[in-house]
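Asks: Residue numbers (our numbering), protein chains in the order written: chain A, 546 to 1190; chain B, 546 to 1190.
Derived from the structure by calculation, the hints contain no laboratory data. In this text the structure is predicted, and so the values were computed from the model without any measurement. For glycine and all other residues, C-beta sits at the position ideal for the given N, C-alpha and C. There may be inaccurate statements among the hints.
Unchecked claim - Derived coverage of chain A by chain B (criterion: at least 3 residues anywhere in the stretch with Cβ under 8 Å from a Cβ of chain B; other residues may be distant):
#1 720-727
#2 826-837
#3 1119-1132
The residues making up each chain are set out below.
Number of protein chains: 2
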Amino acid sequence: MTFPSWLSQLCRGLSRPIRRTTQPIWGSLYRSLVQSSQRRNPEFSSFAVRTNTCGELRSSHLGQEVTLCGWIQYRRQNTFLVLRDFHGLVQVVIPQDESAASVRKILCEAPVESVVQVSGTVISRPAGQENPKMPTGEIEIKVKTAELLNACKKLPFEIKDFMKKTEALRLQYRYLDLRSFQMQYNLRLRSQMVMKMREYLCNLHGFVDIETPTLFKRTPGGAKEFLVPSREPGKFYSLPQSPQQFKQLLMVGGLDRYFQVARCYRDEGSRPDRQPEFTQIDIEMSFVDQTGIQSLIEGLLQYSWPNDKDPVVVPFPTVTFTEALATYGTDKPDTRFGMKIIDISDVFRNTEIGFLQDALSKPHGTVKAICIPEGAKYLKRKDIESIRKFAADHFNQEILPVFLNANRNWNSPVASFIMESQRLELMRLMDTQEEDVVLLTAGEHNKACSLLGKLRLECADLLETRGMVLRDPTLFSFLWVVDFPLFLPKEENPRELESAHHPFTAPHPSDIHLLYTEPKKARSQHYDLVLNGNEIGGGSIRIHNAELQRYILATLLKEDVKMLSHLLQALDYGAPPHGGIALGLDRLICLVTGSPSIRDVIAFPKSFRGHDLMSNAPDSIPSEELKPYHIRVSWPTDSKAERAH
Amino acid sequence: MTFPSWLSQLCRGLSRPIRRTTQPIWGSLYRSLVQSSQRRNPEFSSFAVRTNTCGELRSSHLGQEVTLCGWIQYRRQNTFLVLRDFHGLVQVVIPQDESAASVRKILCEAPVESVVQVSGTVISRPAGQENPKMPTGEIEIKVKTAELLNACKKLPFEIKDFMKKTEALRLQYRYLDLRSFQMQYNLRLRSQMVMKMREYLCNLHGFVDIETPTLFKRTPGGAKEFLVPSREPGKFYSLPQSPQQFKQLLMVGGLDRYFQVARCYRDEGSRPDRQPEFTQIDIEMSFVDQTGIQSLIEGLLQYSWPNDKDPVVVPFPTVTFTEALATYGTDKPDTRFGMKIIDISDVFRNTEIGFLQDALSKPHGTVKAICIPEGAKYLKRKDIESIRKFAADHFNQEILPVFLNANRNWNSPVASFIMESQRLELMRLMDTQEEDVVLLTAGEHNKACSLLGKLRLECADLLETRGMVLRDPTLFSFLWVVDFPLFLPKEENPRELESAHHPFTAPHPSDIHLLYTEPKKARSQHYDLVLNGNEIGGGSIRIHNAELQRYILATLLKEDVKMLSHLLQALDYGAPPHGGIALGLDRLICLVTGSPSIRDVIAFPKSFRGHDLMSNAPDSIPSEELKPYHIRVSWPTDSKAERAH
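If we strip away everything but chain A, and leave its shape as in the complex, we get:
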């Protein structure tokens, strides 16, 4: 279901006879999250003044005296109202007889979204007025007593219009937004999934849940770390980007199997769909290899996967970084659909087309292509033009569209230079049909692949906009990407190296000798977990040998090892071989719930500028409160003027 359709339907309320409603959706929330798991249902009304939740009442409750608490969702002609709680909706009959005047007054006068408590009897709805689409649709409540627990003031907008408002408004009134089905569903699914992960790790596999500090020391090269001034002049804590050092030190400390649902911090300024604080499922274990961690995570996801989704199939497929780049043009391929990149260099070894000739004559020169299924049918001429423009603007590359149906060769200036034999060979290699379009480019391997990787995703979006069902929305396609390079050339100085991931990543066992000869070529024991084209986790086997760690840090990376002396020392004192992984929880839940943004799976997210729009954080601080921390604000010259206003 979609968010707006649910809320507008919910707010349209339930009339007699009831048309299409979203009740089944509310009803399915707990069926899917709780009831179909193998545990007994939680007692949702324990310790509370209510006897039951609104959403749980059924014909089996007929005749029971119940006390309910909830929000007035809707009232119709002062004859009944619909009461809502997190569990669902129930219909309450407003008594019409004179003796119940006070109850009637309360229920008729309380504004919508007010909180009331009602006590009464569960009765059958009159024959013909049942609502089979509503879980509580066979019953209603005959009220005896009612109490207004809290009246709702006039809302700043109609709740039913709420979803049409901007996200900024939703964030400003987050406490109202949280009442929506979608936010309730997202947060409850998140809680359930994390709980199952804990059961799997802690109860089934002996992992120890250990909290690590967030007030820590600056890490080498740790830009993007928030600072926290201490009361010692000039001394600052840093909020770490991950518990990396601590998890390794726990392994040195013999904890054997650690996990934590860890709060992490990253100050990237304004970035859409990133949060300054985020959560990762952080895992580390001793005496393990890459396969061990992969099996652990496959089991973890399988065990914790929501019951209302198709089960996770394990093991997940694995590709190497090199394969991923060659086949999908990215290290996080969306494997829900094909359109793989195919090397067609051999087809054009003897071509007369100039730019292909040029490309093939250079080192690493290749001709690559992807096949757009039914592209001739779905893509418009202007699509092809914008694709070619994109390639030229962003990659300085030429794209040659090849229409396999010879009648439709618009925009293929060199089409006449492609011989029939080449066309047939192309069709064979790429397994194409007549209505398909091949997008062809030539150039250096990595560049050509990156371009086609982007176009593959662009075209998939285009095809879906035009009505093709390319990616099954119920499909969750996991993929391991392995054998990453250990180092990358530094952007600012390509002759120096930097860690592709982090400096504690162990080299691939077959490549250790390369560290001393051609470190650029060494592969690592890093692995990424990809879901539907999104990186949702990454980890590695770590270096446990102090000498190797020192060599990499000091000699290859030219880092100041003093800042890591505690870690190097720890490796010297009997560090076991160990490895781990971290899953990005916000992103994972976002994908599982099909949410448009990670902000939809976080109770109180920051805006993309890092603001809390509800409370207005960050905020100004009186300068006397800065004194204990021995800091002063350095006002930028241009903002002094602003401040004076």
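Here the structure of chain A is known, so what remains is to put chain B in place on it, guided by the hints.
Replies: Just chain B, lined up with the frame of chain A:
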């Protein structure tokens, strides 16, 4: 067991025949934490290169081929070594035959605390060499292959001396300290107990685990909050002391039942046994009263209580704040022992003793006493003197010791003025025996109680130092303290009021009228949970009425309501009645494990000065890294000189 005795025993190693060892302790760790719970044992060797843990092997494994990984705990005469992992110890026989020379070399040369992997067969120990005190004491490992996984460098100190070193050294080499049984036990118990709490809240009672932000806005009067500079000039986040506002907003958002194992922050400078970051079990629910929260917590502790302790008995007793002060002189009474404060004013209505006469003639004037059981036997003359000095120095109060055995009235200058009838009445009221000592004081009720409350604890410690068993070390004595005052006079200006706890606490239903007449007398719906004299939790029913909340904030407390406008607005839009509690997890685990300090139940604690002694945090930051945050260090004048060195 105590930490030093365990570690020294462990390090003394296992000789044949084995004397007293600590093996039963290692063995009991998992029996108590895991095996006796009603779940199946975790698979501790899943996904790992080992087949078994060292500590799990028994006669039932005889003949099995196993692969073990662990640390060399001890080696004896190159004939066997003892291998350790988190699970326990096992004896490994070093092969003596020539064909196994390489295995022999590895096992004989690796320094103690090196990490090795061995494969071999589980065999019986030779007859007469079994160790019944050691869980693995019937078997040993006949090794086939061995691999040195990581050699341990010479440690900076002998492990066996480690515990004799200062706590600073333990914190500096925390990764070695974590290998100790006690730290393993504490951290694993903590993990298990939190896991069970989650099961109780999430699986049994439908609570939703929701993460709330830690980068938040300054709260009114929020000194003690760490600041986090943002990239906007002059704007700061604050690290909140608790998720108080968020948990209430979640209730407004209809989440109904929230919990979180929440990281909280408090900058109190240097305080012994406090941490700048700490953890609380944070709970809030809607449509609940005080009794509901209390039952919830009693059930929570009962469910999560470790199996190796006596079960928790519920319900917990309750005293009012007033009773607690009158009976124990404190709002967090240690109810493991008696020595209650008794009001004996009536005995002395007609006394000739001057200071008693004086006291009783004043308003709120009382005579109070506690009875020290067998005090005449256990306390020395100098003890009584130092007690009197303490009372004079800290409370400006006189203490009159009364020895009930008339022969021993040393140091009771006014004893002769106590008539026999008064002595008998005193004995009746205080239920004393002949060897007891009564400590008597006179003065204003609260002051007299506070003093005797302190002396009660002092004397209990004294008696225990002298050998009396006053407090059963296996006893966990929970107590609810309720009916706290809602407000207290401000320390700096006693005519103004401040919240006794926080401004969101609801008044006692019977006292709402007092808010408008005598607010000082109003009681609150706050409750504290006390365990063995330590406050381990506190909570309240919250104000859900915006008007009442505004009145308290603006009119009574004179706070700037603008900073809380989002919360006040939220209360206006249909906030349900709600309440909650927070348990201090570090303190609770500290008490459960009998640890001397909360630092012993935290993996990487800060020193009492807030330093991480392992990594040296907080640390200096290059000034260019401060620039993005628009802050500068204000060096205090005296430290400029220091800095220049």
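Asks: For every hint, state whether the structure bears it out.
Replies: Hint by hint, here is what the structure shows:
no. : hint      : in the structure
1   : 720-727   : holds (count 5)
2   : 826-837   : holds (count 6)
3   : 1119-1132 : holds (count 4)
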